[in-house]
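Per the working numbering: the sequence shown ends with 128, consecutive numbering throughout.
The hints are simulated quantities; they were obtained by calculation from the structure and are not laboratory data.
Just so you know, not all the hints are guaranteed correct.
To be verified - In silico lysine-lysine, PhoX-like type, Cα no more than 20 Å apart, as pairs:
id: 1; residue 1: Lys110; residue 2: Lys99
id: 2; residue 1: Lys110; residue 2: Lys46
id: 3; residue 1: Lys44; residue 2: Lys110
Said to hold, decoys possible - Restraint-style ranges between C-beta atoms, simulated for each label pair:
id: 4; residue 1: Ala119; residue 2: Ile8; range: 25 to 31 Å
id: 5; residue 1: Thr5; residue 2: Lys110; range: 20 to 26 Å
id: 6; residue 1: Gln75; residue 2: Lys110; range: 18 to 24 Å
id: 7; residue 1: Gly124; residue 2: Ser54; range: 26 to 32 Å
Where is the CB? At the ideal position from N, CA and C, for every residue including glycine.
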Amino acid sequence: MISFCLITNRRCQTRFIRYYDELPQDPTAFELNIARECIIRKPAHALFVQVGKYKIVYRVYASLYFIFGYERDENEFAILELIQNCVETLDVYFEKVTELDIVCNIEKVHMIMEETVAKGYCLETNQARILEGVTAL
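Using the sequences and the hints, build the whole thing.
Right, dumping it as structure tokens:
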């Protein structure tokens, strides 16, 4: 089960956060710590890291870091595929997604992510079905 999804930029500014598990006691410090751990890693390092009780899987796209965290045994490569699917879906909807798109249309990002992941479980990976619900509004 996925515990959280975080999108941040290179300056550790949170652009999107969604918790599927309990909320940490200090969410801002938690997000900053997770983002720093991912950002300071060299490109040659693996895209998987352990931070506290969470296992982190992340990908870098342009200036954005897409970070997913989970506690239990999950397939890291399935999480990477989920991140790739989320980015591709955002790219299709926004026609090359940028940080500004995420900031200015945060409600659309929330809708797309909710169509993809709900309560920590992957619901849908078909981009057409995900975007169908978002574009219908």
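We went through each hint and held it up to the structure:
For the hint pairing Lys110 with Lys99, the CA-to-CA distance comes to about 18 Å; that is within 20 Å, so the pair holds. A threshold of 20 Å between alpha carbons decides the hint, and for Lys110 with Lys46 the separation of about 18 Å falls inside it, so the pair holds. At roughly 19 Å between alpha-carbon atoms, Lys44 and Lys110 fall within 20 Å of each other, so this suggested pair holds. With their beta carbons about 27 Å apart, Ala119 and Ile8 fall inside the hinted range of 25 to 31 Å.
Distance hint check for Thr5 and Lys110: the Cβ-Cβ separation is about 21 Å, which falls inside the suggested range of 20 to 26 Å. Our hint of 18 to 24 Å for Gln75 and Lys110 holds, since their Cβ atoms are close to 21 Å apart. Between Gly124 and Ser54 the C-beta distance comes to about 28 Å, which sits within the given range of 26 to 32 Å.
Taken one by one, the earlier hints all hold for this structure without exception.
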